[in-house]
Amino acid sequence: MSARANILNKLRTSLAGTTPRPDEFDESLVTGPWRYPPDQRIARLRELMEAVHTEVHQTSENNWPALVAELLAKRGITNLLYAPATVHGEQLASAWKERADGPELRGYDRPIEEWKAELFNDVQASVTGTIGGIAATGSLVLWPDRNEPRLMSLVPPVHIALLKASGIHDNWYDMMTAQDWAGGLPTNVLLVSGPSKTADIEQVLAYGAHGPKELIVLILEDA
Amino acid sequence: MNQRIPVTELASDFKGRAREALADSQLRSNFRTAMDSLMRKRADAFSDADEREGLRELGNRIRARSLSNLPDLLEELETRLTANGIKVHWAETVEEANEIVHGIIEAHDGRQVVKGKSMVSEEMEMNDYLADRDIECLESDMGEYIVQLDGEKPSHIIMPAIHKNARQVSALFNEKLGEHVSEDVDELIQTGRRILRRKFLEADVGVSGVNFAIAETGTLLLVENEGNGRMSTTSPPVHIAVTGIEKVVSNLRDVVPLVSLLTRSALGQPITTYINMISGPRKPDELDGPEEVHLVLLDNGRTGAFADAQMRQTLNCIRCGACMNHCPVYTRVGGHTYGEVYPGPIGKIVTPHMVGLDKVPDHPSASSLCGACGEVCPVKIPIPELLQRLRQENVQAPDHQPAAVKGAGSKYSRKERMVWRTWVMLNTRPSLYKLFLWGATRFRALAPKKVGPWTENHSAPVPAARSLHDLARDHLKNPPNGRAGS
Ligand code: SF4
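Chains as they are written, first to last, in our numbering: chain A, 1 to 223; chain B, 224 to 709.
Hint data in this document are derived by calculation from the structure and do not stem from the laboratory. One or more of the hints may lead you astray.
Simulated crosslink set (DSSO-like; lysine-lysine; CA at most 27 Å straight-line) [stated by the list, open to error]:
1) Lys116(A) <-> Lys582(B)
2) Lys116(A) <-> Lys422(B)
3) Lys264(B) <-> Lys399(B)
4) Lys422(B) <-> Lys213(A)
5) Lys10(A) <-> Lys629(B)
6) Lys74(A) <-> Lys213(A)
7) Lys264(B) <-> Lys603(B)
8) Lys213(A) <-> Lys629(B)
9) Lys376(B) <-> Lys399(B)
10) Lys582(B) <-> Lys634(B)
11) Lys672(B) <-> Lys634(B)
12) Lys582(B) <-> Lys10(A)
13) Lys422(B) <-> Lys399(B)
14) Lys672(B) <-> Lys238(B)
15) Lys310(B) <-> Lys10(A)
16) Lys213(A) <-> Lys238(B)
17) Lys97(A) <-> Lys10(A)
18) Lys582(B) <-> Lys376(B)
19) Lys603(B) <-> Lys10(A)
20) Lys629(B) <-> Lys657(B)
21) Lys116(A) <-> Lys506(B)
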């Protein structure tokens, strides 16, 4: 018999004559303590994200490309990976067209095999969208797809994420219910709650373990 | 001087290793500091006791419900994962699991593997298995990387290198990598980052564990802070996940409380930096992500634990490590003393099912039964109760039926059994008891001067000249203030 059949048989024999336990999920336990008045959501998310070394800025739907340029200039960053086929990608490219002195824009538009070493060695920063945020835990939710692939938010040492103020939910449960995650998930969903970190040596917190050393969140409020 | 004792040279039994660990003051101070801080962080993360208890209750219900339906859930998971394009493999033993992993790597001519933290791969001793077949399997979690570099095993399930301090890590990097000596933790981490980054770029295959497998959506959920888990599961062209069969939950919503319990119990974090949810390999039009994703479901004794309704509760475990952080024994002797993959209280209840109780006969008694482990466990595993059960299994007569736990009865002693039988007889027959008392008080001088290990540190017990019964009778007859009968 196959390992599969053996394992399932053993489990079934052990459960013979029993009935499965009922589903007693109490959603108030995962939502009740984690509700915020709408005007407090941003503050809560900011507080938690900043506590783990995330840089958070509030800006508008129109002004963020200029802010990105400023933040990169301050760091002496000379190139930026972006997603040309997304709405925010187009907005960034058109806003930056005039800048002769700005950082070089590199679009993620080829399969990774064609430029993996370049992504790992040369790209200094990236900018991606998010599908929302979670106030309770100070998290961003990334939903990578063809236009904005997975490694964009992981490999470059600086990751800039755009978060619409209206997309911040109170807690994870509310967000997954409102967006019907159970109805279908993409190949990869990520909750990101700060720059990469570790406390593996003497429990001393160190940032920039393997992923981005810096996470910059731009909260976009209505223009 | 480096006081660390390499694990390969440690004494071969728990007691011997414990003695050595207790004599190592550096090790004790490393553990003490770390565990004190982890306990504080957990307490801060659960500042509202009602909220904490409500959530633990829910966590327990979710795990119990999942296990009560485990075979069906595994089938549902397999169907979903397959529909999503993830290949599912089943293994009863670690040998089978290793063969499966090796087969997948071979099929891709893989030579370099990067591995995110995975306790199941430790169970499998996957690194050694692959190394014997000329495949380099590099640990990418910083703590795991450090212990691997030193030829050791993890000493904690969440913080594998917690037994080392910065000075020891620096010396190690200097010796093995030729890096200059620095006790600056940031600098040490950046050294690790530099070296591992190249490996992430070059690796043919990435291996990871799984924190929760979600049947409803066919999703593998991974929890981590460093990003090495994401790197290992996203950058190489092939991703192999390995997990125990118990890690499945029914619904996506089930993971909301479980993740909260896990991250708060483990390191006191509201959430980890990354929650990585993988529901399929890269689609034809996607630009990155692995082209193949595999899941290996491992039994390795779990069906044995499952067969026993009481011991089944060990499979609730979500591997948060809180029980070891709070265990007075673990805190003093450290993780290597247990000599097995899972140390501390959780190790003591899951290891017997994997290797047999006869291989770890001292584990169930290496506990003060203070109850701390059961009190902090986020999914309410009654660890002390299970330890007592294992103590009983340990002393079962060899012919006892049914033999519930693999390797039970290895501590059975005919002499001990006789002593207890006599004790029961004396205590259930008043006339015999009186006779015994009479003899014990009269012939107290004949009491043995040495009673095994007890007298190594204590004076031998000697019966009193008069029994408590006698004294009480006298007292009632002649009360000091003449209050008899009042
Ligand atoms: S037994 Fe409980 S406390 Fe210990 S690791 Fe498992 S879940 Fe955590």
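List in ascending order the numbers of the hints, as given earlier, that are violated by the structure.
1, 3, 8, 16, 17, 20
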